[in-house]
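Protein chains: 4
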Amino acid sequence: MLGSGFIARFYADSIQGARTQDKIVSVYSRREESARKFAQDYGVSHFTTAMEEAVNYTDAEVVCIALPNNLHEAAVMACVKAKKAVIITKPLGRNAEEALRMMKAVEEAGIFNGYLEDLCYTPKFLKALESVQGGALGRILWAKSRETHPGPHSEWFWDLEQAGGGAILDLGCHCVEIARGYIGKDIKPVEVMCWADTQVKPIPAEDHAIGLVKYENGAIGQFEVSWTFRGGLDLRDEVMGTEGTIWINNFLRTGFEMFTSGKGADYVAEKAESNSGWLFPVGDELNDLGYNHMFADMFNSIEQGKTPRETFYDGYVVNAVLDAAYRSAKSKLWEPVKLPVWRGQEGVKKETAFTDYDDQYYLVKEEITHYGATKLILKDKQSGKIVEKVKEA
Amino acid sequence: MLGSGFIARFYADSIQGARTQDKIVSVYSRREESARKFAQDYGVSHFTTAMEEAVNYTDAEVVCIALPNNLHEAAVMACVKAKKAVIITKPLGRNAEEALRMMKAVEEAGIFNGYLEDLCYTPKFLKALESVQGGALGRILWAKSRETHPGPHSEWFWDLEQAGGGAILDLGCHCVEIARGYIGKDIKPVEVMCWADTQVKPIPAEDHAIGLVKYENGAIGQFEVSWTFRGGLDLRDEVMGTEGTIWINNFLRTGFEMFTSGKGADYVAEKAESNSGWLFPVGDELNDLGYNHMFADMFNSIEQGKTPRETFYDGYVVNAVLDAAYRSAKSKLWEPVKLPVWRGQEGVKKETAFTDYDDQYYLVKEEITHYGATKLILKDKQSGKIVEKVKEA
Amino acid sequence: MLGSGFIARFYADSIQGARTQDKIVSVYSRREESARKFAQDYGVSHFTTAMEEAVNYTDAEVVCIALPNNLHEAAVMACVKAKKAVIITKPLGRNAEEALRMMKAVEEAGIFNGYLEDLCYTPKFLKALESVQGGALGRILWAKSRETHPGPHSEWFWDLEQAGGGAILDLGCHCVEIARGYIGKDIKPVEVMCWADTQVKPIPAEDHAIGLVKYENGAIGQFEVSWTFRGGLDLRDEVMGTEGTIWINNFLRTGFEMFTSGKGADYVAEKAESNSGWLFPVGDELNDLGYNHMFADMFNSIEQGKTPRETFYDGYVVNAVLDAAYRSAKSKLWEPVKLPVWRGQEGVKKETAFTDYDDQYYLVKEEITHYGATKLILKDKQSGKIVEKVKEA
Amino acid sequence: MLGSGFIARFYADSIQGARTQDKIVSVYSRREESARKFAQDYGVSHFTTAMEEAVNYTDAEVVCIALPNNLHEAAVMACVKAKKAVIITKPLGRNAEEALRMMKAVEEAGIFNGYLEDLCYTPKFLKALESVQGGALGRILWAKSRETHPGPHSEWFWDLEQAGGGAILDLGCHCVEIARGYIGKDIKPVEVMCWADTQVKPIPAEDHAIGLVKYENGAIGQFEVSWTFRGGLDLRDEVMGTEGTIWINNFLRTGFEMFTSGKGADYVAEKAESNSGWLFPVGDELNDLGYNHMFADMFNSIEQGKTPRETFYDGYVVNAVLDAAYRSAKSKLWEPVKLPVWRGQEGVKKETAFTDYDDQYYLVKEEITHYGATKLILKDKQSGKIVEKVKEA
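Residue numbers (the working numbering), protein chains in the order written: chain A, 643 to 1035; chain B, 643 to 1035; chain C, 643 to 1035; chain D, 643 to 1035.
It is worth saying that the hints were derived from the structure and are not from the lab. Among these hints, one or two may not hold up.
If chains are identical, the list can't say which one is meant, so a pair holds when it fits in one copy or spans any two.
Straight-line distance between alpha carbons at most 16 Å, and here's what the computed EDC-like set of lysine to aspartate or glutamate pairs gives [to be verified]: (1) 974 to 833; (2) 1027 to 801; (3) 856 to 839; (4) 992 to 839; (5) 856 to 833; (6) 905 to 1008; (7) 905 to 885; (8) 769 to 899; (9) 1023 to 1000; (10) 1007 to 801; (11) 856 to 993.
Using the sequences and the hints given, assemble the complete structure.
Shown next, in the form of structure tokens:
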């Protein structure tokens, strides 16, 4: 484990979760005090403030990078040098250039590489994806992911040099990959329009942004990210297809609702902005946020010699989309997504899915009226004229 | 009443609702058959296929225009000529040019003019607006309105000449005015970025669009509109401020949930895409969609010589925003909102709302840790450096 | 209007609501100060502390009784004497004996009598009832109504002599009539089992109770009432039938959700236990709680010479059920509902609705397995033996 | 593993879940075909139709009983004979007599015994329980658990001899233990009132029941169970205390909502009554229904020599409560819970928690009025008189 902060602890809780086979054997942190505390809390036998020492630790078969963004590349390169399997927290790089270098390095070294995109492993996402891929929603037209909260926990996020960006990089990386999953990972993201602003926080980075990602097949991915949201951690996804829709709420409304006057002794609610009134706890954060399924996929893939669901390549594509978002926020233009490496389909056209009603007409809409009759809106294929027909029930 | 179609019937249900004082005395429709049926159903003593006849009908004190978009201007001008109070369905015009002409005409004629923007009269909107205006959410940062469904009922909507546009004009007009209400009607909308596409329907107009409206004070309005949504009528609004958030669901999730196997004889569910499985009826559509509060405001305003909440001026501002959206969808640029007439504030700056922690620091974030201590993220006013402080509980 | 307290004001808001034809012309209260204030607030020209004076007031065509329970009978008798139409708040009497006397008196006098059971007029209830009566849920098996909150507003509720009971009488009267509506008003309630206790409040009456009401056709009505609930006003109904279910939430979850830090100046949330954190306002309380539809039914019925949905007879049946509940809470036995007057069906048997699968078997259950096959659980009509059959898809 | 049916497969999925240390080494089923299929599907090396052979299988350290109710006792006795640790599915026995014999046998043999009550291990329950035990709800007044669905999967449930009961035994065992958890496992359940009926299914056992369980401290547990519910698997719990409330929805509303027209090829929704319209899938059934946390507790307890959360003793207490419920359903009386063995507190009195306002008054209720003032309802300690006081804001 490289890192001993907030996310490292989430990872450790999951990796060393109930009844797992997997154990953390060494931990690196820049601060000895943090490394020691982490080692104690998780029963890790070895800790160090020398990154290479942790990476090269003999018993360590896999290196898990849970460090601030500016340390990702150095840590990856250490793994490359040591020829150790590497899994890394999101975002892969601070930009696509860093990400591409890391991707090329691990691939040339032939080492296992996994991208720890936990929100693409939530049980709800996995099940929704299965439905989408099974055709339950028809052709996907739009996929939105929203992640907003009152701001990150650790101080380095607020420092532009270390973080490499603000809410777009921190939260948008999740949203982009979620939408990409629904629309299809082999469909090319072609251009991005993004609004971003620093509305509230005294920082140089953006604390609120909204972006649209256009895919080659005409589908639209949307992200809404903010560090200024009040009310807790808002994690919602929506997908729209020609045959249906999916709405997912991962955190604030999951069927667990509590009212407390706050008079109960010693009670502190986790992750909420208050500890009285109506609260919405999450049952099993580690599982519901995808950590368990993510590490299972990673470790199973390593053992079985498979490619995991999320790799450095995916991290690189996400970085490329976010780079375009940053450029767009400045230029106020739709900016092209620059993908020097692209492994999906090329030249996918927008489907022209006009539904035939009969030889003469396209079907525009069919609905049941208040009177039980079926009303049809049709379009003449030749003249383009719209007509209305009613079929009595 | 000018018009006897879908919306005219909604209006009539509301105007002649239980125990009201207000009665419809004449109805005009282009088709005699429709006019006669409407007159019968609502007990209207006079019907006609001559618009001027209805407008000039002696007993009619107010003219209610519920006609396709391309007939709005002619109908308004007839009212101007007759010096009759006029209330008109949304959108005011097919574009800002038409809207401005209508606005000028009614104002010069000195007649009462009301804009029938029902979704700015829903009980939830009115109560939410009161909270927003009372400061419960602090400074408003973002307001989104979403209206999507499987497509409009009447055939003229699908005809670009009559309708003047697609989902943006039909649904976006609601969304723009809702967001404008939350952000402040005196705050100028300055520019618009819009994506629009015809993804599914065999029509020249857009069937899906997403737009961002930037206001002079830095706040963002967002609209999401579609005629291709599957699942019913999705009407949701969200507002985010520095001190809170509001989520409104006007239709699909209002605390009324029904499962039916569909075996019940003769049962047809209204307004849903299916009549079995889980259904989500709305208790009182007329009231919940704002019609009752809207007509009460209009008629009370007329009697009391007041300006109603929504006037032709508001309709014109909305049209101007939508015009910018259409230009943006084509140009792919942020397009300025052109407002030859503007009656709100000018030159409002973005608030720089940095919160002081003490003389040395700004407060970036305060949170309660798992251990009950208070953690502060602070920014040094001089150096810009981010630091973390923990206050033990 | 007889009464000027909390409920009288709710009634007045509704009766004199936007654009109505109906006006309050006189108000009686025991305290002159209250009567005067009410008269002022609602523009009522006449007020008095002499009940008969208000009842006999010439311009008053209908007397609306909104007084504490112990004054109901006297007020009704005054209306009987004056031969004035009378509508009365719930519960009709403090017990069935009082209720029956009132019912007989108004019926013998031949005056219009309406029972102001607002929760049987909520838009959701009315629409749900229509679905139930249309067969969407099949045969009704169980109907539950829950009304709980932190206790009533006015002091007389807490006084057993004036109120006649505690939470059962105050809230159970709603719940019993709601369940009766779904099950069928012509189906006889035959016996009641009730648990009641004073768990929290320093009062002689019950502050929490749960009751089961058995109907002649085997259906079960259930009520859950409490004055000790924390979290606001919890108003939920559920109905279960052989073909479906309905869940209604009238207050705490209606698609309107707000988070506020509470820093907003001067903001006070109505009807909630707190004014910060997550709040759940109701859009239009008067309409959503049924007041508007209730008064429309009453006044329309008077004008059209019809019987309204809820009459003194209904109030009397409810009182009889609640009397049985009180007896049961004491005796710990299922207590018979004593109905000296009963106008519904007699001798309705439980339906034995075994579903035939074929000549040999009854169908117990049919389900689709994970593999897409249809699995049947059948029961041999002769031997009673249960067998399992799988039909491949 | 003893058993290879529906529940055995759920258990196996969990025990052999992703990355676990735990493996199934032998499986017994009455039918060789089932045993073989199970062994194949889960990679179990040994299968048999001789129960003792599986129990005595050398590599098996723990015996997991997942058999029909009528086989529980024989299987437990085999484990006792073999001195093997035993964990058993719910309910422990078909009645308390069987349960008590099993409990005594395992305790005398000194073997580890665990009761597989999965719904007391759902992440939501565990977190809610922590809040309750931390005092967030104050003193618990009422705890309800509802489990209803359209009927069990396997044919033996429908056979009274094998199952030992209907919906009460099958589903009520969960509900009773959940409520007992919230109220306190050391608080004695003293009596039960239960209504039960066979409303729909052609079976001798009950298909619908509602019960109230009175605890020695005055708290009330409530269960609502049915095999006739339409709409899916309804699993909801509610708890009410003097300081708050908790609402849990474990299945039908968990923040995952899908609409599908059903046109998607080959799509079948699991666990729902339909595969089109609005569907409500569950993200991770195994985890959300408690299986993972349950087996982790069991296996960790065995390794650490601890008592698990749920033991045979708990299973026996539940059976004793359900026996009282069955007696009550017949006798129509509150029936005492017979507990020849009781290990909790004795003689716990109802708390008389009157809140002092000052020396003269008890506080009945405090609320904030529309005008911002604080209104108090007080009760004179001497006279018992109720008074109202208003404190201006």
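Need the list of violated hint numbers for this structure, in ascending order.
none
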